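A.B. asks: This is what each chain is made of:
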Amino acid sequence: MKPAPFRYADPRSLDEALDVLSAEAGAKVLAGGQSLLPLLAMRLAAPSTLVDLNRVPGLDAVEATGDGVRVGALVRHAHLLRDTAAARVQPLLARATANVAHPAIRNRGTTVGSIAHADPSGEMTSVLALTDGSVTVATPGGRETVGWRDLFVGPLETSLSGPSVVVDAFFPALAERSGTAFAEISRRKGDYAVCGAGVVVTLDGDRRVAAVRASYISVGLVPEVHDLTEAVAGKPVDGADWAAAGALARTLVDPDGDIHASADYRRLLVGVLTERTLAEAAAEALERTAA
Amino acid sequence: MTTSVDRPQTDAERTVSVTVNGVPREATVPVRRVLSDLLRDDLGLTGTHVGCAHGVCGSCTVMVDGDPVRSCLVLAVQVQGASVTTVEGLAREDERGGQVLHPVQEAFRECHALQCGYCTPGFLVTIAAGLEARDAAEEISEEEVDELVGGNLCRCTGYANIKKAVRHAAATMRDGQ
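If you're matching them up, the sequences are chains E and R in order. Going by UniProt numbering, the first sequence opens with residue 1, and the numbers climb by one from there. Going by UniProt numbering, the second sequence opens with residue 1, and the numbers climb by one from there.
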């Protein structure tokens with residue numbers, strides 16, 4: 001189908017964008033459009049006006065510092081994937097982004113847009129949660145920082161209301177003696193994952209497991225972070241029982257079944273992916289500890 | 001809320017100026033027009049095929065400023081001032097004014113990489129952009145081939161020959177032919 005009729009504005013400044021959003025209650029922000037345009041084409045959404053951010057200057061930078069990586073609202077997935085400085089500070093970014101759809105979609109779709117879209121099967125919502133990240137929201141009254149826990153309300157639903165634009169997302173840096181991994185299972189590479197997992201393993205000074213955290217995609221209604229530390233706490237990293245952590249993860253998640261996979265199958269995948277990614281992340285943590 | 005005297009500008013219709021395959025073109029369209037429909041219906045370039053119309057199949061892939069994108073997921077008004085390359089723009093003119101197929105097009109013919117042909121324009125543009133963006137001197141790996149064509153669907157399921165054509169085109173481009 002074709003989108004229902006709407007009006008269009010391509011403002012040259014953020015203030016102008018907020019003016020249009022304030023004047024038109026049914027207006028929606030357009031960035032990369034790779035999730036929004038399918039919704040319009042299927043007529044699952046019919047905004048009165050689209051406010052296209054693409055001609056607003058200053059929103060297309062990736063800033064990697066010792067504290068973390070700040071990603072502007074117009075940064076395409078392909079740009080973030082190529083950014084080696086960002087990958088050094090927070091390796092989960094490139095690892096997860098490589099799993100976002102296909103190259104042609106990544107050339108257009110934005111990382112911040114996919115977070116604002118709040119799809120529980122999106123990779124970057126889960127990475128924002130796992131890294132304990134936040135977004136900066138611009139409103140006519142000024143700017144505020146919103147942490148991931150306060151942002152995600154439900155599938156395709158955030159806590160933002162009224163005229164507002166998410167101008168960037170901030171992903172804190174990976175801690176010392178830590179490693180990460182990300183993996184997903186999908187019917188066709190690049191399709192929505194049936195299940196996906198991102199994990200962070202942190203070691204202590206004696207190369208024993210100090211902390212294990214995981215976040216899953218296509219599991220649950222909003223991104224969640226699960227602490228799996230108790231299954232492997234204090235174990236030497238090369239002798240840790242990652243399967244035990246996978247078994248614990250299976251008891252913590254509450255996936256739904258749908259046409260693609262039953263709830264039980266998703267729970268099984270949570271266990272398998274947890275075990276697999278933890279072994280990978282632990283190896284990286286060891287490498288970063290030795291260095 | 002007080003009465004707004006200075007309501008910001010929004011449009012229902014726009015005139016779009018865009019360079020398509022090196023030629024400046026212009027069309028006045030409703031703002032909901034997607035790029036694939038601009039190319040086919042307003043500019044008469046029917047080489048770009050529309051399959052699913054929501055970004056899944058890859059048939060409508062074109063290059064915008066050199067990068068492959070789904071033309072069904074870009075609004076026509078968003079390519080104002082940009083340069084678009086469609087399947088019609090892949091072949092080059094030779095010195096006698098004839099047309100020389102792109103190495104990827106040649107490879108598709110050589111390897112019998114099309115059956116019904118519906119998905120072919122999307123594959124050709126995707127593969128041409130991908131091969132042009134990589135270092136031609138490096139041998140292409142199986143993973144690279146899979147990644148390159150993984151976002152496009154062929155419902156004749158002719159993937160084996162399509163992948164063969166990618167390797168063939170990569171070899172041609174490596175040899176500088």
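Worth flagging that the hints you see were computed from the coordinates, not collected in a lab. All values reported here derive from a predicted model rather than from experimental measurement. Any given hint could be a false lead.
What the hints assert, rightly or not - Computed spacing ranges between beta-carbons, pair by pair: (1) R:143 <-> E:65: 45 to 55 Å; (2) R:139 <-> E:276: 21 to 31 Å; (3) E:147 <-> R:175: 48 to 58 Å; (4) R:146 <-> E:172: 47 to 57 Å; (5) R:139 <-> E:191: 24 to 34 Å; (6) R:141 <-> E:144: 43 to 53 Å; (7) R:115 <-> E:191: 19 to 29 Å; (8) R:66 <-> E:84: 19 to 29 Å; (9) E:191 <-> R:132: 25 to 35 Å.
For every residue, glycine included, the Cβ atom is placed at its ideal position computed from N, Cα and C.
A.B. asks: All hints, please: hold or fail.
C.D. replies: Hint check results:
1. R:143 <-> E:65: 45 to 55 Å: violated, 33 Å
2. R:139 <-> E:276: 21 to 31 Å: Because 30 Å falls inside the window, the suggested range holds.
3. E:147 <-> R:175: 48 to 58 Å: Roughly 55 Å apart at Cβ, these two residues keep to the hinted range, so it holds.
4. R:146 <-> E:172: 47 to 57 Å: Since residue 146 (chain R) and residue 172 (chain E) have Cβ atoms about 33 Å apart, the given range 47 to 57 Å is violated.
5. R:139 <-> E:191: 24 to 34 Å: Holds, at about 28 Å.
6. R:141 <-> E:144: 43 to 53 Å: Holds: the Cβ-Cβ distance is about 46 Å, inside 43 to 53 Å.
7. R:115 <-> E:191: 19 to 29 Å: Holds: the Cβ-Cβ distance is about 23 Å, inside 19 to 29 Å.
8. R:66 <-> E:84: 19 to 29 Å: holds, 21 Å
9. E:191 <-> R:132: 25 to 35 Å: Given a distance of about 26 Å, which is inside 25 to 35 Å, the answer is holds.
Hint check: violations occur at hints 1 and 4; the rest are consistent with the structure.
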